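So the chains spell out like this:
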Amino acid sequence: MIARKTEQWVINIVFIAISFLCLIPFILLVASSVSSEDSIIQNGYTLFPTEFSLESYSYLFKEPAMLIRAYGISIFITVIGTVTSLIVMTLLAYPISRRDMPLRNAISFFIFFTMLFNGGLVPTYLMYTNVFQIKNTLFALLIPGLLVSAFFVILIRTFFTMNIPNEVIESAYMDGASEFKIFARIVLPLSTPVLGAVGLFQLINYWNDWFNGLIYITDSKLYSIQVLLNTILLNAQYLASNTHFVEDMTSADDIPNHGLKMAIAAIGVIPILVTYPFFQKYFARGLTVGAVKG
Amino acid sequence: MSSRVTGISLKKLKKYKMLYLMLIPGVVYLLINNYAPMFGIIIAFKDVNFAKGIMNSDWVGLKNFEYLFKTEDAYIITRNTILYNLVFIALNLVVAVALAVLLYELKNRFLPRLYQSIILLPYLMSSVIIGYLVYSLLSMETGLINNTILPLLGRGGVMWYNDPKYWPYILTLVKIWSTAGYLSIVYFAAVVGIDHEYYEAATLDGASKLQRIFKITIPLITPVIIIMTLLQIGRIFYSDFGLFYQVPLDSGVLMPTTNVIDTYVYRALLKNGDIGMSSAAGVYQSIVGFIIILISNYVVKKINPDNSLF
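Chains as they are written, first to last, in our numbering: chain S, 1 to 294; chain Z, 1001 to 1310.
Derived by calculation from the structure, the hints in this document are not laboratory data.
Predicted model only: the values in this text are computed from it and were never measured.
You may find that some hints are simply not true.
No more than 25 Å apart at the CA atoms, straight line, and that leaves these computed lysine-lysine pairs for DSS-like [what the hints assert, rightly or not]:
1) Z:Lys1271 <-> Z:Lys1070
2) S:Lys181 <-> Z:Lys1215
3) Z:Lys1271 <-> Z:Lys1063
4) Z:Lys1215 <-> S:Lys5
5) Z:Lys1107 <-> S:Lys5
6) S:Lys135 <-> S:Lys221
7) Z:Lys1271 <-> S:Lys221
8) Z:Lys1209 <-> S:Lys5
9) Z:Lys1052 <-> S:Lys135
10) Z:Lys1215 <-> Z:Lys1271
11) Z:Lys1107 <-> Z:Lys1209
12) Z:Lys1015 <-> S:Lys181
13) Z:Lys1271 <-> S:Lys135
14) S:Lys281 <-> Z:Lys1107
15) S:Lys181 <-> Z:Lys1014
16) Z:Lys1215 <-> Z:Lys1107
17) Z:Lys1052 <-> Z:Lys1271
18) S:Lys221 <-> S:Lys62
19) Z:Lys1063 <-> Z:Lys1052
Quick partial rundown of chain Z residues pointing at chain S, CB under 8 Å, derived from the structure [stated by the list, open to error]:
20) Met1022
21) Thr1071
22) Tyr1132
23) Leu1144
24) Ser1278
25) Gln1285
Backbone N, C-alpha and C define an ideal beta-carbon position, used for all residues, glycine too.
Let the sequences and hints guide you as you build the complete structure.
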């Protein structure tokens, strides 16, 4: 009995240590964002602010247009992208889930093959920029690579096949319901678990995406929050040369650069940290839904 | 009689017409986003001249590939891509299975869920955010490691972002930090699915805890382990672009240990505008990657046909 208790303690200590390792970088980031620039220059980034100060945030919010815009773009593409993606993917998954659908296997293979082979970045980039001209448009953040994932389509199809009895569809059809009505009124309401899981993943994928921004967006007016963060991190001069920040400052040296970097990153990550406790349950569940049939 | 039959098939046609219409948006998207670029691999066999247009540019056969494989880069990016992936797969496996087994040993209802959600959190972060987090630790002027941890150990600062030799370790740690939690959730689900009677029988026979773990838990989740691992091996020619581009801050000095095929293709295309080299490297990746996926699927099928992809 005592041995069992010690064992439980040991396991708990291991997990507390691991949890701490997972959280340290976030603590460091947030603590540094509320430290004064002088204390950062003196002590570096610390896990606890040696001198509490909101100067980095007050600089950021002095001219908030850039951040608000980037946030607006991120929210817009995340909402529109996730909704469109769910609609297109469920519409694609439903017909191939129907056992009586002619050409069902051929269409499934057409979708599945995209997981095995791809043309790579060069043709994709040249096609989207030269043929479809999506460079520096919002379409660049919504469409390439993200909208339809074969993996999710197959996941949704498998859910439809396993959980929606053919008899239900048959009898609705006998009662005179149209195909689309059956899909919208019967199939979709029965599929909320898989739609929720896929929707959550797409929400995260769109919110986190910066690659499309990196390759297709050069106009800073169209920067999403991730692209803005990326530019600031990789281009040390970006903040200093950004007119919004320099206008009402005597010289570029006055910018609390070290703290500002952390404050901007904190603004990017805090929404996720705050909402995570509410959706983590669905997220963990969704991961295992997907893992059952890779 | 015959009109009745026709009536039914017309009705059927109408029935499937709706289903076919539903397919259209997704099929059109895949044709554009996925299939059109597959035919675009011909670019690698051309000397692209925008004045002539891609289709009318001159064929150069394998010239682009010859140039690519003459460079030292071709060897470096192939080596880096494969070695990093092998190390990631092996370490992630060990860490994730250990976490899953330990989680299962906890006899508390609430704590395992709490730990799970904490170790899963890094998986949610974009590589941009991960780049910032690593920077806050490793920054040479202001990072936590140079300013707090190394002085505590009585050591001076290290120029992390200037020396490629540190990066295999840094990138591996970052990768484990960000993905082992996710994999452990998958393995944990498998462990929870094990029939409890095995453990009861083993306990009655006097098996120790370690014996139960190594003789029951691990053998019973082996099918899941094999599948998850082979899926990752199938992708061994592809890398997490953000990890190799963003976390080393796109630094040229670090490239000997941070350049992989994906970052090479990106830089050749968008930084150097070298369509020949980048498309050759891209096609090299697509084709070798395709072969590896086919082989790994073949192996899965041999082991357990239910778990193969196709």
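Now the hints, each set against the structure:
Among the hinted pairs, Z:Lys1271 with Z:Lys1070 is consistent with the structure: their alpha-carbon atoms are about 20 Å apart, no more than 25 Å. Taking the CA atoms of S:Lys181 and Z:Lys1215, the gap is near 52 Å; set against the 25 Å cutoff, the hint is violated. Between Z:Lys1271 and Z:Lys1063 the alpha-carbon distance is near 21 Å, which keeps this suggested pair within the 25 Å criterion. Restraint check for Z:Lys1215 and S:Lys5: the C-alpha separation of about 23 Å stays at or below 25 Å, so the hint holds.
With a CA separation close to 10 Å, the supplied pair Z:Lys1107 and S:Lys5 stays within the 25 Å bound. This hinted pair checks out: S:Lys135 and S:Lys221 have alpha carbons roughly 13 Å apart, not beyond 25 Å. Restraint check for Z:Lys1271 and S:Lys221: the C-alpha separation of about 22 Å stays at or below 25 Å, so the hint holds. A threshold of 25 Å between alpha carbons decides the hint, and for Z:Lys1209 with S:Lys5 the separation of about 14 Å falls inside it, so the pair holds.
With a CA separation close to 21 Å, the supplied pair Z:Lys1052 and S:Lys135 stays within the 25 Å bound. Under the criterion of a C-alpha separation no larger than 25 Å, the hint pairing Z:Lys1215 with Z:Lys1271 is inconsistent with the structure, at around 54 Å. Annotation: proposed proximity of Z:Lys1107 to Z:Lys1209 holds, straight-line Cα distance about 14 Å (limit 25 Å). In summary, the hint linking Z:Lys1015 to S:Lys181 is supported, as the alpha carbons are separated by about 12 Å, within the 25 Å threshold.
Between the alpha carbons of Z:Lys1271 and S:Lys135 the distance comes to roughly 16 Å, so the proposed pair stays at or under 25 Å and holds. Taking the CA atoms of S:Lys281 and Z:Lys1107, the gap is near 20 Å; set against the 25 Å cutoff, the hint holds. Only pairs whose Cα atoms come within 25 Å are accepted, and S:Lys181 paired with Z:Lys1014 is accepted, the gap being roughly 14 Å. The straight-line distance between the Cα atoms of Z:Lys1215 and Z:Lys1107 is roughly 20 Å, inside the 25 Å bound, and the hint therefore holds.
The suggested pairing of Z:Lys1052 with Z:Lys1271 holds, with an alpha-carbon distance near 22 Å, which does not exceed 25 Å. Taken as a hint, the S:Lys221 and S:Lys62 pair is honoured in the structure, with Cα atoms around 18 Å apart against an allowance of 25 Å. Taking the CA atoms of Z:Lys1063 and Z:Lys1052, the gap is near 19 Å; set against the 25 Å cutoff, the hint holds. Checking Z:Met1022 against chain S by beta carbon gives a least distance of about 4 Å; that is within 8 Å, so the hint holds.
The beta carbon of Z:Thr1071 is not positioned within 8 Å of any beta carbon in chain S (closest approach about 17 Å), and the interface hint is therefore violated. Interface hint status for Z:Tyr1132: upheld, as the beta-carbon distance to the closest one in chain S is roughly 4 Å, under 8 Å. Below 8 Å, beta-carbon pairs count as interface contacts, and Z:Leu1144 has one with chain S at about 5 Å; its hint therefore holds. The beta carbon of Z:Ser1278 is positioned within 8 Å of a beta carbon in chain S (closest approach about 5 Å), and the interface hint is therefore held.
Interface restraint check: Z:Gln1285 against chain S, minimum CB-CB distance 6 Å, threshold 8 Å, status holds.
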